[in-house]
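Engineer: Put chain S on the given structure of chain Z with help from the hints.
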Amino acid sequence: MDDRRHRFETLAMPHMDAAYNLARWLTRSPVEADDIVQDAMLRAFRAFDGFRGGDIKAWLLTIVRNCWLSTIAGSRRRAHASLEDQELPAADASPEETAIQAGTQRRMDLLIAQLAPEFREVLVLREMEDLSYREIAEITGTPIGTVMSRLARARTQLRESAKEFL
Amino acid sequence: MSCDHILATQSYLDGQLNGAESEVAERHLQTCAECQQFAAQTADLSDALRQTTRHRAPEFLRARVRAALKREAGPTKVRAFWWGAASGGGASALAAALALFLFLPPSAASLAEAIADAHARALTSGKTIMVASSNHHVVKPWLATHAGISPPATDFAAQGFVLTGGRIDTIAGARAAVSVYAHGNHELDLFTWVDKNGTLPPSTTVHGFRTAFWKEGDLNFAAVSDVDKAAFRKFIALARE
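Protein chains in written order, with this note's numbering: chain Z, 1389 to 1554; chain S, 6 to 246.
The following block holds chain Z by itself, in its conformation from the complex (with noise of 0.2 Å):
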């Protein structure tokens, strides 16, 4: 194996499932999951030799998110697709149906997925990642503080629309 493609398997690929866990939160797809992920894998190495040190988790996941952001530009023939433009699209079947029989993770994981894709990602990135504001503001090319008000705001609605189990 070349240098390069050994060096790109040994520090990029062990953080492939948290690139894969975002897009699964991003598109809430499988398969735009998958493709998404091989797309940013390529992305990443092929831009491997400007990534020059520094948290190669957060460098990767910014490529992922710029795929599924590039995907949803390209399904609506926008040169500029903005998360808040985005619709959501209604989550499988109504979660007020679906979570009685569920558990606490089911419906969780139905809530999480109904957030806005702007609060969503900072709640996916802090909650399931662990990573730090810093590298949060860096992936989703926001200022800190919009971090930090976002993800409160998302806490409380996760919390409101919680609230009868947790």
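Hints are computed from structural coordinates only; laboratory data are not their basis.
Note that the Cβ used here is the ideal one computed from N, Cα and C, for glycine as well.
Just so you know, not all the hints are guaranteed correct.
To be verified - Computed list of lysine-lysine pairs in DSBU-like fashion (alpha-carbon distance at most 35 Å, straight line):
id	chain 1	residue 1	chain 2	residue 2
1	S	Lys132	S	Lys220
2	Z	Lys1551	S	Lys132
3	S	Lys220	S	Lys234
4	S	Lys132	S	Lys234
5	S	Lys220	Z	Lys1551
6	S	Lys132	S	Lys75
What the hints assert, rightly or not - Calculated from the model, a selection of chain Z residues having no Cβ within reach of chain S, i.e. all distances over 10 Å:
id	residue
7	Asp1437
8	Ala1461
9	Pro1531
10	Ala1550
Structural biologist: Only chain S this time, still in chain Z's reference frame:
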């Protein structure tokens, strides 16, 4: 949420503040009922979120990505540089330099890399555990037999760090016993190996993983994980007790 300090309280709870800021936030939290309520709710929510699904990349996707990388990288070429170097008079000097490089004890910095790499290798291959058990009466003797070292392998399940098993690994040419812990969806590795006089690096973040090192007698310990700072500190405090 009307308290002006709510975002500072959140930053404090998320372990994002430095010492001085953290003290200020802590003092405020002691006196503000609203922030206390927010803290309790955030903790409940974090517990619930720990049970949510952290999706893992499926095996076929890893294989697909590896194959794509291989195609992208193209066939491996013979390195012209080495032929050139070997044919010239510099060959013996080069060999000597290489030998020196190989026999040098690993520097402190490369040790941090080695630990992070070993952890990453295990995660990538999916083979983090060779003996799976949350019982330290199982893990400890297994490690003693296979690594020749008998680390404590204590279960900290009550404190949020569940012992899930052990494996053997190699660190700087030495055989290391690894106790493997789960914290929510994340994994922590605790490496133990024998080294009488090596210097240990300071705790740093390498390639996205936190590392920490300490010594007890002739035994070196290293913890490595991608959990957050607060959880990592808590784990180290437990492991060093």
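Engineer: None of the hints should be skipped; say for each whether it holds.
Structural biologist: Hint check:
no.: 1; hint: S/Lys132 x S/Lys220; in the structure: holds (27 Å)
no.: 2; hint: Z/Lys1551 x S/Lys132; in the structure: violated (39 Å)
no.: 3; hint: S/Lys220 x S/Lys234; in the structure: holds (21 Å)
no.: 4; hint: S/Lys132 x S/Lys234; in the structure: holds (25 Å)
no.: 5; hint: S/Lys220 x Z/Lys1551; in the structure: violated (47 Å)
no.: 6; hint: S/Lys132 x S/Lys75; in the structure: holds (22 Å)
no.: 7; hint: Asp1437; in the structure: holds (12 Å)
no.: 8; hint: Ala1461; in the structure: holds (23 Å)
no.: 9; hint: Pro1531; in the structure: holds (13 Å)
no.: 10; hint: Ala1550; in the structure: violated (7 Å)
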